Amino acid sequence: MPKYTLLIYGDSAQWEALTVEQRRAHDAAHADFRDAAGDRVIGGQELEPSPNATTLRGSVTSDGPFLETKEALGGFYMLEAADLDEVLALAKLLPEVQAGHSGVEIRPVVEHP
Amino acid sequence: MTSDFVAAVAEAHRRDWAQVLATTARVTRDLDLAEECTQDAYAQALVVWPRDGVPSKPGAWLTRVARNRALDEMRRAAAFRRRLPLLVTAPDNPGDDRLRLIFTCCHPALSRETQVALTARLVCGLSTYEVARAFLVPEPTMAARLTRAKKKIATARIPYRTPDPDEMESRLGPVLEVVHLLFTTGHTAPTGAALIRTDLTASAIHLARTLHLLMPRSAAVTALLALLLVTDARTAARVTPAGQLVLLADQDRSLWNRTQIAEGIALLTDSLRRESPTRFAVEAAIAAVHAESPSWEQTDWTEIIGLYDVLLRLTGGSPVVALNRAVAVGFRDGPRAGLDALAPLTAEPALATYAYLAAARADFLRRLDRTAEAAAAYEEALALTDNEVERDFLHSRLRSL
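Going down the list, the sequences are from chains A and B. For the first sequence, counting from 1, position 64 maps to 78 in the working numbering; every step adds exactly one. For the second sequence, counting from 1, position 22 maps to 808 in the working numbering; every step adds exactly one.
Quick caveat, the hints were computed from the structure, so don't treat them as lab data. Just so we're clear, the structure is a prediction, and the values are computed from it rather than from any experiment. Everything hinted at is true.
What follows is a list of derived Cβ distance ranges for each label pair:
no.: 1; chain 1: A; residue 1: Arg38; chain 2: B; residue 2: Arg1060; range: 40 to 50 Å
no.: 2; chain 1: B; residue 1: Leu1034; chain 2: A; residue 2: Thr33; range: 54 to 64 Å
no.: 3; chain 1: B; residue 1: Leu832; chain 2: A; residue 2: Asp49; range: 54 to 64 Å
no.: 4; chain 1: A; residue 1: Gly72; chain 2: B; residue 2: Thr984; range: 55 to 65 Å
no.: 5; chain 1: B; residue 1: Thr1139; chain 2: A; residue 2: Asp77; range: 37 to 47 Å
Listed below are the simulated SDA-like cross-link pairs for lysine to any residue, each with C-alpha atoms no more than 25 Å apart in a straight line:
no.: 6; chain 1: A; residue 1: Lys17; chain 2: B; residue 2: Asp818
no.: 7; chain 1: A; residue 1: Lys106; chain 2: B; residue 2: Ser956
no.: 8; chain 1: A; residue 1: Lys17; chain 2: B; residue 2: Ala940
no.: 9; chain 1: A; residue 1: Lys106; chain 2: B; residue 2: Arg898
no.: 10; chain 1: B; residue 1: Lys938; chain 2: A; residue 2: Phe90
no.: 11; chain 1: B; residue 1: Lys937; chain 2: A; residue 2: Ile120
no.: 12; chain 1: A; residue 1: Lys106; chain 2: B; residue 2: Glu955
no.: 13; chain 1: A; residue 1: Lys106; chain 2: B; residue 2: Ala895
no.: 14; chain 1: A; residue 1: Lys106; chain 2: B; residue 2: Thr900
no.: 15; chain 1: A; residue 1: Lys106; chain 2: B; residue 2: Arg947
no.: 16; chain 1: B; residue 1: Lys937; chain 2: A; residue 2: Asp97
no.: 17; chain 1: A; residue 1: Lys106; chain 2: B; residue 2: Ala942
no.: 18; chain 1: B; residue 1: Lys937; chain 2: A; residue 2: Val123
no.: 19; chain 1: A; residue 1: Lys17; chain 2: B; residue 2: Arg812
no.: 20; chain 1: B; residue 1: Lys938; chain 2: A; residue 2: Val118
no.: 21; chain 1: A; residue 1: Lys106; chain 2: B; residue 2: Gly959
no.: 22; chain 1: B; residue 1: Lys938; chain 2: A; residue 2: Val123
no.: 23; chain 1: A; residue 1: Lys106; chain 2: A; residue 2: Gly57
no.: 24; chain 1: B; residue 1: Lys938; chain 2: A; residue 2: Arg54
Glycine residues also receive a C-beta, built at the ideal position from the N, C-alpha and C atoms.
One chain only, chain A, in its complex shape (with noise of 0.2 Å):
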């Protein structure tokens, strides 16, 4: 079955902004997504926000993501599907596809034989 990687892009600002209401109405368009992909979830989760992040690029080791991006990498899932459109279908769920300053970014992952 082949595997994707939905990456969950987003301004942290705003994730952090995110009333206790907004944020477990947020939670629970979550678990809604995982009910309807059931098995097809090999994995993902949530990832703190990316000042805390780490980067190594040649000798040199410095604070904040690879990419200083206003909108960063906020998660990211594992799924396997059929085909692009069952993806498509599912990754409409989340939360993030309608919340404005974020977006959902698809990629299929190589399989190595």
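Got chain A; can you put chain B on it based on the hints?
The following block gives chain B in isolation, referenced to the frame of chain A:
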């Protein structure tokens, strides 16, 4: 004699290319290989038909040849191909292979320019060179774009199937946009010596007819076909035998294809009975008002302006629609009013490189005898126009001032 066979192959190319490729793709599950085998089948037809005669069902003959070649290739490359991602097909999903192909080429995960290029190449069967020329990019660039697109379809596993009914409406939008774009690109070629590229307009109409045949109840498809037919009906009158541009105002209306106009208007009526008008239905209605007007002088501009108002609402205030509306105001109320209607659009960034805005201003200024300003506007339009027939027209207007 030979030319008869060449014509038979050309006819089969126009009529059957999409079907042959679409059916072959379901066997190969690889668009690249399907394309290669389809091309090969047509090349074989050029050799075999003059010898054995044109088969009674050319499409079936071509499909068989393409499929056999594909099966050979797949056997030969079996070990290698096992490692490549394959096109995902839905064998139990009934429906036409050509529809699968169109919807795959116009999948929303592909950019609009990629959708158009893929459709022109795979569904209409235009060569990579022709597609490149139509969209003003060098052939290697277009070849790379097509290769990348086919790779993405395979790698991201964009399925080779028609959309489910609940997503049909949203998936149909890009398909209609692509067919319309193919038509308009051919209707006034962006560059080159000819005003009209009939290979593109004919392909687009053929595609719209195929969609209509396969989805006869779709009001949006019906409206698009109506628009293309009524617009295309004017073709014979749009250039003189010497190849010079003839404006709508000066066209010999007896040259318009009345059969095509009648068919288009009947389709439009049918579409409007089914659903509230889409953008293409309103554009078709505007084309129909022109088509039914006995002369330029008798054109019902108030009706046309009213339809442009509807179109402005449907397109969220498209600047190009606003420009066309302003021009219609000028024809109804005189060049002074036309110029006033155009004025706010000159600051519109989306129209900054749009030659028709400068050309429309030039025409109104000319009719107001504001010669110096008209000349400047014609110069501006010339700087933005690459089609040689249109350039000749603008030059002659400039000289006549």
